[in-house]
Structures are given as C-alpha cells and as structure tokens.
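**Q** Here's the letter readout for the chains.
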Amino acid sequence: MNLAFGFPMGQQGGNAPELPGSLRAEPRLSRWLRFSADGTVTVTPGKVEIGQGILTALMQIAADELDLPVDRVRIAPASTPGSPNEGVTSGSLSIQESGTAVRHACAEARAIHLRIAAQRAGIAAEAVRVEDGVFLRPDGAAIGAYWLQAEDALLEVEARGDVPPKAAGARGVAGRSLPRLDLPDKVFGAPRYVHDLRLPAMLHARMVRPPARVATLLGLRDGPLPGDASVLHLGNLLAVVASEEWAADAAAARVAARATWDARGSLPDENGLPAWIEATPAQRTEVARHDNPAPPAVHSVSARFTRPYLAHGSIGPSCAVARWEGGAVEVWTHSQGIYNLRADLVTVLGVEAGQVTLRHVEGAGCYGHNGADDVALDAALVARAWPGRPVRVLWSRAEELAWSPHSPAAIAEIEAAVDAEGMLCRWRTVLRGNGHSSRPGRAKDPTLLSAAYLDPPFALPVAIDAPMAGGGGGQRNAVPPYRVPSLDVSMHRLLEMPIRSSALRGLGALLNVWATEATMDELAARSGQDPIAFRLRHLEDDPRAAAVLREVAAMCGWPGAPEGEGTGIGIAVARYKGTGGWCAVAAEVEAAEVVRCRRLWIAADLGEVINPDGAANQIEGGALQAVSIALKEAVHFDRLNVTSDSWDGYPVLRFSEVPAVELRLVGPRDAPPLGAGEPSLGPTIAAIAGGIHAALGIRPRAMPFTPDNLAAAME
Amino acid sequence: MEVAFTLNGAPVRVEAPEGMTLLHALRGPLGLSGPRFGCGAEACGCCYVTIDGEPRPSCALPAEAASGRMIGTVEGLGTPAAPHPLQAAFLAEQAGQCGYCLSGILVSAAALLARDPDPGEAAVRAALEPHLCRCGAQNRMIRAVLRAARAMRGAVAA
Chain U
11 MNLAFGFPMG
21 QQGGNAPELP
31 GSLRAEPRLS
41 RWLRFSADGT
51 VTVTPGKVEI
61 GQGILTALMQ
71 IAADELDLPV
81 DRVRIAPAST
91 PGSPNEGVTS
101 GSLSIQESGT
111 AVRHACAEAR
121 AIHLRIAAQR
131 AGIAAEAVRV
141 EDGVFLRPDG
151 AAIGAYWLQA
161 EDALLEVEAR
171 GDVPPKAAGA
181 RGVAGRSLPR
191 LDLPDKVFGA
201 PRYVHDLRLP
211 AMLHARMVRP
221 PARVATLLGL
231 RDGPLPGDAS
241 VLHLGNLLAV
251 VASEEWAADA
261 AAARVAARAT
271 WDARGSLPDE
281 NGLPAWIEAT
291 PAQRTEVARH
301 DNPAPPAVHS
311 VSARFTRPYL
321 AHGSIGPSCA
331 VARWEGGAVE
341 VWTHSQGIYN
351 LRADLVTVLG
361 VEAGQVTLRH
371 VEGAGCYGHN
381 GADDVALDAA
391 LVARAWPGRP
401 VRVLWSRAEE
411 LAWSPHSPAA
421 IAEIEAAVDA
431 EGMLCRWRTV
441 LRGNGHSSRP
451 GRAKDPTLLS
461 AAYLDPPFAL
471 PVAIDAPMAG
481 GGGGQRNAVP
491 PYRVPSLDVS
501 MHRLLEMPIR
511 SSALRGLGAL
521 LNVWATEATM
531 DELAARSGQD
541 PIAFRLRHLE
551 DDPRAAAVLR
561 EVAAMCGWPG
571 APEGEGTGIG
581 IAVARYKGTG
591 GWCAVAAEVE
601 AAEVVRCRRL
611 WIAADLGEVI
621 NPDGAANQIE
631 GGALQAVSIA
641 LKEAVHFDRL
651 NVTSDSWDGY
661 PVLRFSEVPA
671 VELRLVGPRD
681 APPLGAGEPS
691 LGPTIAAIAG
701 GIHAALGIRP
711 RAMPFTPDNL
721 AAAME
Chain Z
13 MEVAFTLNGA
23 PVRVEAPEGM
33 TLLHALRGPL
43 GLSGPRFGCG
53 AEACGCCYVT
63 IDGEPRPSCA
73 LPAEAASGRM
83 IGTVEGLGTP
93 AAPHPLQAAF
103 LAEQAGQCGY
113 CLSGILVSAA
123 ALLARDPDPG
133 EAAVRAALEP
143 HLCRCGAQNR
153 MIRAVLRAAR
163 AMRGAVAA
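Quick note, the sequences are listed as chains U and Z, same order.
Residue numbers for the first sequence follow my numbering, beginning at 11 and rising by one.
Residue numbers for the second sequence follow my numbering, beginning at 13 and rising by one.
Bear in mind the hints are in silico, worked out from the structure with no lab data behind them.
Note that the Cβ used here is the ideal one computed from N, Cα and C, for glycine as well.
Heads up, some of the hints might be wrong.
To be verified - According to the in silico footprint, chain Z covers these stretches of chain U (three or more CB under 8 Å from chain Z):
1) 60–68
2) 188–201
3) 315–329
4) 370–380
5) 401–408
6) 627–635
Next comes chain Z alone, as it looks inside the complex (with noise of 0.2 Å):
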C-alpha cells in the first residue's frame, strides 16, 4: 500500500508492502542515512525519529503507522550550514566518538528541548534513557545538551 506523510517537513509517499518498517522506508526508499539500524527490538536508541513531535523508535514501527503523521529525523533539525544549536553543542563539546548512536539521541534531546527550554542534569539523563552509547561519550553529550539549551534560551531572549 502507498503511505503519504510529512517527512522533516515535506510531504513524502512510499510503496509500503507489509513488512517494511518505517526504518526501512527511511533509509531505503525514502533516501536518508540518519536514522541507524542497532538493534531491531527498540532496545538501543538509534533509530529514534519523532513523530509528532515525540521521539520514538522506528525500527519495529510499521511504516503504514506513519501515514499521515509528521515524522522528523535527524536531517531535519540543522545542516552544516544552518545547524541546530545542539548540532553546534555536540560539535562544540566534541561530544561522540564513533557517532552511531548520535542520530537517535539528537532526535530526542531535540524533543526535549521543545517540551523543557531550561532541562536540569536529571531531565536530560532521563530524556536519553532509551539511548545506548558503547564508547563512552555520555558525560559530553549531556553537558552539550545543557549548552544548546542555554543556546537557545540566549536566542529567545535576544
């Protein structure tokens, strides 16, 4: 069956025969490289998009439950040119190693700095709860949140 929704903005179709997961639409069809495979099971974070707005794994999701919604990947927060002010704190805290995990916790900090401007140390541990990180580059991700969090206050305020 044909499924249309809005992807990081722009309305999109796909053919999507039972069995396709929306993970598989977005990075087959549909083109994109952000949202990441890792586990399957909605265990680890990587595939994480929003839809409506709320970060949620895409890996297990029928594409078919994405009609109509509004799905949101990492492509969409920022390019480099024009980067989201937490593509700017990651990059400014140098918060990551090899990376693969970053697609998916971008997303959902991105989440929560829409629903929480001014999150504490403890929003944002719980916020990433769901995402997995193997190298060990916790500690900078969470203080990069904080600093795009201040990012955007100082933005609003100005």
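Next comes chain U alone, as it looks inside the complex (with noise of 0.2 Å):
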C-alpha cells in the first residue's frame, strides 16, 4: 500500500482501524458500489483503466461477493467527486488496494442486505442464500433481492472490517481466465478512448511549443491560417484552435514556423551523461544498512551501472477535453490519478477543487506517469478562452517523446564480496539520478508541463522518490534479496532536473535488478559457483524467490547444454519492490552484428491472481516491454531540447524482434494479491544481460545493449 506517499488518510473515521485497502481511505460502502433496481449493481472504484485491465478484474472481485452473475455487474469509470479518492492507479497495487477494498466493501453489502431481509422473513440470515441478486429461504421461498431494497440506503454506512470476505476456496468467479470487458470495443473499432470524444460544438486545439526547454516567445509573425483556425497565447505558449482537426493540425505548423523564440540551452550533454550525473548536487539517503560481523573476501566486484533517460511511448498521444462553464471547468482525462490531478489543475487555474470535475476516459496504453496529465492542464488553459465550448487538445508523436516526463537517467555503482565459503560476505550499492515522481497533487507547486510556461510561470519542483515503505522510486529494488552479512546501500537524488522526471513501469527496478543480478552472475563466476546453485545459496529466507527461481531452471533446462558461439541464456530473479510479486526470467541471447532476445522463459509468484490470462497478459507485456528497453531504447537530446521526438529517434520493439514467451503462474494462489503489472521487468533486463555474457563473454556495464555499448564494456 503507498500509503506513506501522499495516499489520502485524513478523513477516514472507520469503526475499525484497520480496515483493508482503499477502504481505510473511503470507508462509506456507499462510495463503492450502488444496487439498481434495474437489476444491476455499480461498483465505483477510484482505480482507472490503463489497458492492464483493472475493470475486469474488479468485477470478478464483485461478483463473487455478491453471488452475482458477471453481467449484473458494472464498473463506473471514476470521477470526482463520484469515485473513491484512491490516489494513483500505479506500483501494481490496484489489486492490493482497491480489489481488497471492493471484495470487503461486497462482502459487507451483502451481509447487510440478507440480515435486513431476513429480519423482515423472521428468520436467521445465515439460513439465507443468494441466486442470481435474490434472497432465498432454505425452503427456496424468495425473500427478497438486491434491486427490491436498493432504494433503503442501506449502504449510508462506513464499514466496519467485521464481514469476512469468502475464503479462496468458495470463489467461483475470481480466479478464473474471464475476457476483457474492454477488448471487444477495441476490436470492433468502437469509439472507447478519450481521443474519440465528439462533444457537440467541440473545438480541435494544439499546442506550439518553443523550440527549447527554457525559452522565451519573442514574436509571431501575421499570416493567413487554415480554416477557422485562430491562435492563443498563453504566455510563452500558443495554441491553435479551429472547428475542425485538420484546420488545427495545419495551423499549428504554420504557427510554429512563424514564431521567433530566445532559446537558451539547459540540458546537460548527452555524451557526458555519468559525469554530469556525478558533478550534480544531490541529497544522500540511506537505504538499508547493517553490519553484522562477516568473514574476509576472498573474491569481490566493483562495477559501475549507467541507464539513459526513458520515454513511456504510448501509442496514442495524450489527448484531453475540456469544458467550462460559469467558472467551473470539467475535463474528461486519461490521468492515473484524478485526484491529483484536479490539485494541480486548482492550484494553476486558481479556482475551488469544487470548481473542476474530472472525468476518466480511457487512453491508450500508460506505462506511468506520461503526458495525461500535462495535457488535461492543457485543454483546460485553452478552452478557458472559449467558454461553453468543449475543447480536445491532443499531443502530436513530438511532443510525446520529447515533452512527456521521462524516466531518469542513474548510475549504480556496486562493490560486492564473497568468503572462502562463496558466501556473500559484504555488499554496497551507491545510486545517483534524478528522483522518479512528478507526480502532480503531492507538492506545493503544480508539476503539469505548460505551468512552467505561463506569465507568471510556476517553478515545476524537482522530482523526488517515494520512501521505501512507498515502494520507493531510484532505489526501488536497490536492497538485494540475498542475505549478506555487511550491507550498505545508499541513494543520491539530484537536486537539478534539466529533463522532467517521473515514473515509469518499474522505476529504480530497471537499473536496480540488473545491476544487482549482474554483480551475483559475476561473483558466482569469480568463486566458481554455478550462477542459480549460488544464489539459491542466499535465498534460504525467502522460499517463493527460490521457488520461481528453481521452476524457471526447470523450464528453459538450465544449464543445458552449451550453445552455439553467440547465443546464451542468462536468468535473474526479483521480489519486486522487496515487498510485491516474484518473478523469474531466463532469457536465450542470440548476439550476431546486434544483441537479440529469442526466447523468454518467466516464472512468477503474484499470490492470489483474479484474473490469470489478465495477470498473463500483464507479466508478459511487461518482459517484452523490458526487452525493448534492454536492446533498444534511449532518449536522446542537445543542449535545447530531447531531439528522440520521433518512432525513428526513439525506435522501440518490432513485431520480427519479440521473442517468443513461455510463462508459469506458480504459487499459493490463497496468499494476498501482490500486482502483476510490473515485476517481469527488471529481471528480464537482468537475464539478457546474461545471456549477453553467456554469448559474447561480454558483462554489458550501459543500458542499452546495444553493439556501441557493448563494445565499450569490452574496453
């Protein structure tokens, strides 16, 4: 639960002090779910749809406790104030937080239901059942149903914590492959995304930005425009709006190439990127730290990680709506977190949080914190000058890429030992980048791009990272799994931020969990130990990241017999966030004139699993995510600006480059739900810089692995 990092706890006033998930946060069953006398239940969770496909799950959740068919059940997509406050639909927590909170905010509905309608039989309500919405006598006899009493305000109550959920034996519905509920839309080409918003009287807008991060608009020159297009300052930035896309999309260029700026560099230099790392100034935190008495090294590691900055890459540019209305302002959004949000939007439109409803539609894919939120502010500004009138501001691929936050670029530099035994005996990690939360809604001031942009502009704050108790950001996964004697790991956020950080799918974990695998695979080589035998060795304490570990050897039949010259399999294991799913990953390398990924062998452990071709789906989705970021992806930049403003900049994996996947749920499936969204991808970074080794005897030391990386390491 990240609770410690900015979930809202403040008015909570449960009887129980401990109630589960997002309920602690929103304790009135009334704010999840509502009965229809139409026969339908709506259930109104503050977690959104982002394609990981959370709705579908939560439904199952419900039905279950309920003793509902599937198709009685409705999920509200969320809005303020209409939804629970559930903060950020991210950290694979949706389960945790907002799945316990809707199976016991049912499990109550329903016992207060059947104890109401069995008051009024006369009888005991544990001799009531359930069929299809309606209560029934032991002698079959209805009593009543769902929809008869929806009208009661039965639900006018805060949850007590005191209705036990359905023991995991007695679920019929979660726990089993259902189909999306969200899929058949997107195959059929239905209108489905925030992007295809048609509000009558809609207006098409974009925004020209300057050519530079730091700029200052000195002109724009006259000339005809398309359409009905017309232009829009907002201080250092302009908009076009016209009736139609086209006419917006042709007088945006027409402006961009009229406007004269004084842009001034700020970025660092691409090729310098460790160094400016280390010359930064920075904030030193300890991350975990313990120095028990160890045993002298025998053999030891000292090796030095580097990752570039990141680009989320969703396929459909971000894309808002904005409406406004005698002073109040309503914007449907693909943000991840509503609430958030609509604290930003306060604070830089300067009006009331009653004053702004936000409304989710779904976008297309989010891997974190991209421009969803940058540009629901956006449409906002602009639709501001054009009251009563809807206005759709999408992104361009440019400003995807370019002007999106992106993922930080950092350094691990780790020092590790083993004894004569081949036992860890000391390890230390030092991190350095950029903290990875923008987020908007935690800070005094708004974190939403073109804040910084207006006159007076908003001085965006520079990102941070979540403490470990949140799941951390850079030094997420930072803590190796293995037990060691002499521990000492440490972070330096930096106190500059050229490049707009924030999270993405697995934050500190891409650079953690290969740095520290890659140091493991290496001190196994050092003292002659078989790399898995080796790290089994330090898992004694944690028998589920053994499991995963064991049953990804047996499937890809580790160590099998040698390859070819040039091809290889590595394996790496994680817990992700220490506190979240395990997930093992062996991965075959074939490395020709570039580094491929062939074949993907996961294992992983998620605990109770709702849905598990969805939580399929998600691991792999995840793994050939992290292929892509393994081989290809970096963003690039001058001294102006990010220049990977394109798919041929910024290239990322191919239908011909996606390796083929094999992948086991293992695991008790009665434990807690522990979030599939994102534990597959640290390790599969980490295996393919294994497989690397094992092909080339290469120990790649620059993410990307790509043959210039590559070939570096080899100096």
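Assembly of the complex is requested from the two constituent chains, each provided in isolation within its own frame, with the hints serving as guidance.
**A** So this is what it looks like as structure tokens:
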C-alpha cells in the first residue's frame, strides 16, 4: 500500500482502525457500490483502466462476493467527486488496494442486505442464500433481492471490517480467466478512448511549444491560417484552435514556423551524462544498512552500471477534452490519478476544488506518468478562452516523446564480495540520479508541464522518490534479496532536473535488478559456482523467490547443453519492490551484428490471481517492454531539448524482434494478491544481460545493450 | 474540393480542403473512430486502412488521394453480431491490452489473409512489422491471426 506516499488518510473515521485496502481512505460503503432497481449493481472504484484490465478483475471480485453473475455487475469509470480517492493507479497496487476494498465492501454490503431481508422474513440471516441477486429461504421461497432494497440507503454506513470475504476455495469467479470487458470495443473500432470523444460544438486545439526547454517567445509573424483556425497566446506558449481537426493540425505547423523564440540551452551533454550525474548536487539517503560480523572477502566485484533516460512511448499521444461553464471546468482525461490532477489544476487555474470535475476516459496504454496530466491542463487552459465550448487537445508524437516526463538516467555502483565458503560477505550499492516522481498533487507547486510556461510561470518541483515504505523510486529493488552480513545501500537524488523526470513502469527496478543480478553472476563466476545454485544458497529466507528461480531453471533446461558460439542463456530473479510479486526470467540471447532476445521463460508468483490470463498478459507485456528497453531504448537530446521525438529517433521493439515467451504462474493462490504489472521488467533486463555474457563473454555495463555500448564494455 | 470514394463498401463524398489527410476525413466528417492517430508520420501503424485492398497508412495521405478508391477500415471487417474471423480470434486469444494499435493491426492482418489464406508465423510477423504494440501483446496477436486463418480455411472447406 502506498499510504506513506501521498495517499489520502486524513478524512477517515471508520469504526475499525485496520480496514483493508483503500477502504481505509474511503470507508463509506455507498462510495464503492450501489444497487439499482433495474437489477444491476454499479461498482465505483477509484482506480482506472490503463490497458491493464483492472475493470474486469474488479468486476470478478464484486460478482464473487455478492453472489451475482458477472453480467449484473457494472464498473463505473472514475470521476471526481463521484469515486473514492484511491490516489494513483500505479505501482502494481490496484488489486491490493482497490480489489481488496471492493471485496470487503461487497462482502459487507451483502451481509447488510441479507440481515435486513432475514429480519423482515423472521428467519436467521445465516439461513438465507443468494441466487442471481435474489434472497432465498431454505425452502427456496424468495424473501427479497438486492434490487428490491436498492432504495433503502442501506449502504450509507461506514465499513466495519467485520465481515470476512469468501474463503479462497469458495470463490467461483475470481481466479478464472474471464474475457476482458474493454476488448470488444477495441477490436471493432468503437469509440472508447478519450481521443474518440465528440461533444457537441467541440473545438480541436494543438499546442505550439518552444524549440527549447528554456525559451522566451519574441514574436509571431501574422499570416493566414487554414479554415477558421485562430491563435491563443498563453504566456510562453501558443495554441491553435479550430472547429475541424485538419485545420488545427495545419495551423499548428504554420504557427510554429512563424514564431520566433529566444532559446537557451539548459540540458546536460548527452555524451557526458554519467559525469553530469556525478557532478550534480544531490541529497543522500541511506536506503539500508547493517554491519554484522563478516568473514574476510576472497573474491570481490566492483562495477558501475548506467542507464539512459527512457520514454513511455504510448502508442496514442496524450489527449484531453475540457469545457468551462460559469467559472467551473469539466475535464475528460486519461490521468492515472484524477484527485491528484485536480489538486494541481486548482493551483494553476486559481479555482476551488469544487469547480473542477474530472472524468476518466481510457487512453492508449499507460506505463507510468506520461503526458496525460499535462494535456489535461492544456485543455483546461485553452478551453477557458472558449467558455461553453468543449475543447479537445491532442498532443503530437513529438510532444509525447520529447515533452512527457521521462524515466531518469541513473548510475548504480556496486562493490560486493564472497568469502572463502563462496557466501556473500559484504555488499555496497551507491545510486545516483533524478527522482522518479513528478506526479501532480503532491507538492505546493504544480508539476504540470505548461504551468512552467505561463505568465507568471510556476517553478516545477524537482522530482522526488517515495520512501521505501511507499515502494521507493530510484532505490526500488536496490536492496539485494540475498542474505549478506554487511550491507550498505545509499541513494543520491539529484537536486537539479533539466529533463523532467517521473515514474515509468518499474522505476528504479529497471537498473537495480540488473545491477544486482549482474553482480551476483559475476561473483558466482569468480568463485566458481553455478549462478542459480549461488543465488539459492542466499535465498533460504525467501522460499518463494527460490521457488520461482527453480521453476524457471527447469523451464529453460538450465544449465542445458552449451549453445553454439554467439548464443547464451541468462537468468535473474527479483521480488518487485521487496514487497510485491516474485518473478524469475531466463532469456535466450543471440548475438550477431546486434543482440536479439529469441526466447523468454518466465515464472511468477503473484499470490492470489483474480484473472490468470489477464495476469499472464501483464507479465508478458512487461517482459516485452523490458526487452525493448534493454536492447533499443534511449532518449537523445542536445542542449536545447530532447531530440528523439519520433519513432525513428526512439525505436521500440517490433514484431520481428519479439521473442517467444513461455510463462508459468506458480505459488499459493490463497496468499494475498501482489500485482502483475511490473514484476517482470527488472528480471528480464537482467536475464538478457546475463545471456549476452553467456553468448559473447561481455558483461554489459550500460543500457541499452547496443553494439556501441557493448563495445565500450569490452575496453 | 469534394472527393468521392468507396468506404467499407458504401459510396461517400467529403469536402477535402488542402491539408486534410485521409485520417482527418475518416475521423472527422466521416465519423469513424477505428482508424487512430499515432504519429502522423506513417511510422506506427495505428491509422492503417486498406486502399484498393492494400494496407496503407492514412495519417499523411492527402484525402484527395482517396478519390475513386476503395477504402476499408476496421469498421468494415465485422460487427459484434457478425464479427470477422480475425475479430473473433483476437477476442478468443485476448490479443490486446490497451487496444490502441488493434484497428490498424486488424486491417493489415485481414489484407494478409485475403492474399495468403495459410500464412506461417514468419509471414504474419512480416505483415505486422509496420505496427507498433507498446503493451507487448504481439505473441497473442500472432496466435490470433493464425487461429483466424485456420477458421477461415475451415469455413471454406465446409
């Protein structure tokens, strides 16, 4: 639970201090579900669909606890103020937080309804059973139904936390691979995304941004614009507005060509990025430390691992629609956290929270804090000039790749050693880089992009890192899972942020799992041990980590016959955040003129899985994104701005490069759910690095693992 | 200028000023939502349509270039009541996550199966190579296309 990191806790007043999941923040049952006389129940979670299938999983949970067929369960998209404030849909936490809340809220709602029906019928509540929403006496006679009591305001009470949900073995819907609710619209091309909203009298707008991060608008030459397009000045920003989309696009290109700017360099030298990271002022935090007596070191490894800035690269650029009416604004958005976004909109727009209504509508796949929040502000800013008219702002591909928040570049330095018995005796990790959160709603100043270009501008806060109790940011997965007597892990979060940094799927785990596992491989080799056996010797306190590692070893036939020169298998394991799902990956790598990942074997223990096919889809998707990150991705920039602003400049994995994937979900299904979105990324990157060593004898030291970076590692 | 073409089998006319792409026309005056904007540079595959049966990007093509042509979009493949075998197969395989790329991928896959009713995996990958899927559902999509091909061959045999 990310309670330690900006999750709203203040307004709770529940009877039970330890309510499960997000019920702690929003204990009133009516905030979570309501029955309708039409024979349906509507569940209103605060978490949002970002392509991960959460709505389907929440529907399954509700259907189970209420004893309803799934077609009677509706899941409402989140909105302010209609939904509980569940913070941000992030961190692989939605089943833990929202799923747990929905499960307990539904269990309590069922118990309340049954108790009332039983009282009216003069029988014991325990004697009542539910069939298709109808309450039946033991003799089969109906004594009521959810729908018949829908008007009774029975759920206008706070959760007590005293109704246990069904035991794992009694669930009939959760645990099954039901088809996703959202997919039919998507295969028939139906309007589903915020991009598809077509409100009456809607206008289309485009932003025209400066040619540099730091720039002043000097002037704009006059000239004709296509259609009915017009220009709007917003401080150091320009926007174009037209009633037809083609005209907005064409006008944006003309206005960009007619604007003159004073552009100033503010970005570091990309070729000297590690040196810049090391020279930039930073705040040091101790992540973990203990100093138990350690035997003398016999074999040691000292290595430095670097990673570049990364882009989210959603396939659909960020989009939002806004409409002002009488001093209040309504915004349709694909934000991951609508209440957090509302807080920053209130600051920038200078209005009260009650004047801002946000409605979540799906966007393209979201892999962290992308431009969704930023474009919501853009739409609100532009629409303010057109009261009563809905205004749709769609970002360009260049804005999406160059102006969205980026996952920050970083360095991990590790010194570790084994003793004469081949056991780890000391481990030291030092991390350096920008923070991984610029999410809105968490600081006095807004974090939304365009706020920094208004007149007067807002100073965007430098990105922060959540504490370890909230999952961490740059330090996520920096503490090795292996037992070691002497441990010292520290983080240096940079206090300057020339490239706006924020959360991307996996956060610090992308670098830290790789660095940790590469160090383990190297220590195993130095001390003459099999890398899996070496890991298992240090995982006696973590049997579920050992189990996924053994599983993946069996799946890939480890150690297997030696491959021909140029191919090899690497393996890695991690427990996401140290508190989430366990995942082990084996990667078969083929190294010719470039490195290819041909095959992945994945074993994951996610605890309870609501929808096994959905979880498998998420785990495999995360692994494939990690293949792309490991082998291809790096944000490029000059002193003015990010230059990798097209798919040519920022290539990602293509169909021809996608490895075959074999995946098994293992582990206890009656254990608490742990989330599926992110556990596979770190181990996939690390396994590919290990496979590269097996194939080429090179130990990669810089992501991505391109020929240039691998050649540098040989020197 | 006014442009006339055939859209999913039906004749349409649309006023196409200079600067209007085929994608603008399809999503604007023609009211479709299936063809999607992804990059505007023919580099991601979201906006694919068929032009006289050939899968092509529509995001940079002037609308007037469609004049007299047969344009096909995902909406023309099937409906929930009568899905194209590809749409049924993508649902059966749960081949998607966010789904933003699916309209273009289905159009390219349909063109492939029209040309080659029995493609191997390599041919499916090659046909879908212009399409980016950032969610990582490619393996499911490949399985779905092969599944649809089997279903369509079975239907022909029957």
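**Q** State for each hint whether it applies.
**A** Tested hints:
1. Given as covered by chain Z, the segment 60–68 of chain U passes the check, having 4 residues with a CB less than 8 Å from a CB of that chain where 3 are the minimum.
2. For the segment 188–201 of chain U, the assignment as covered by chain Z holds, since 12 residues bring a beta-carbon within under 8 Å of that chain's beta-carbons and 3 suffice.
3. Beta-carbon proximity to chain Z at under 8 Å applies to 5 residues in the segment 315–329 of chain U; the threshold of 3 is reached and the given coverage holds.
4. Chain Z is given as covering the segment 370–380 of chain U, and this holds because 6 residues of the stretch bring a CB closer than 8 Å to a CB of that chain, at least three being needed.
5. Counting residues of the segment 401–408 of chain U whose CB lies closer than 8 Å to any CB of chain Z gives 3, which reaches the minimum of 3, so the coverage claim holds.
6. A count of 8 residues in the segment 627–635 of chain U with a Cβ less than 8 Å from any Cβ of chain Z is obtained; the coverage claim is therefore met, three being the minimum.
Of the numbered hints listed earlier, not one is contradicted by the structure.
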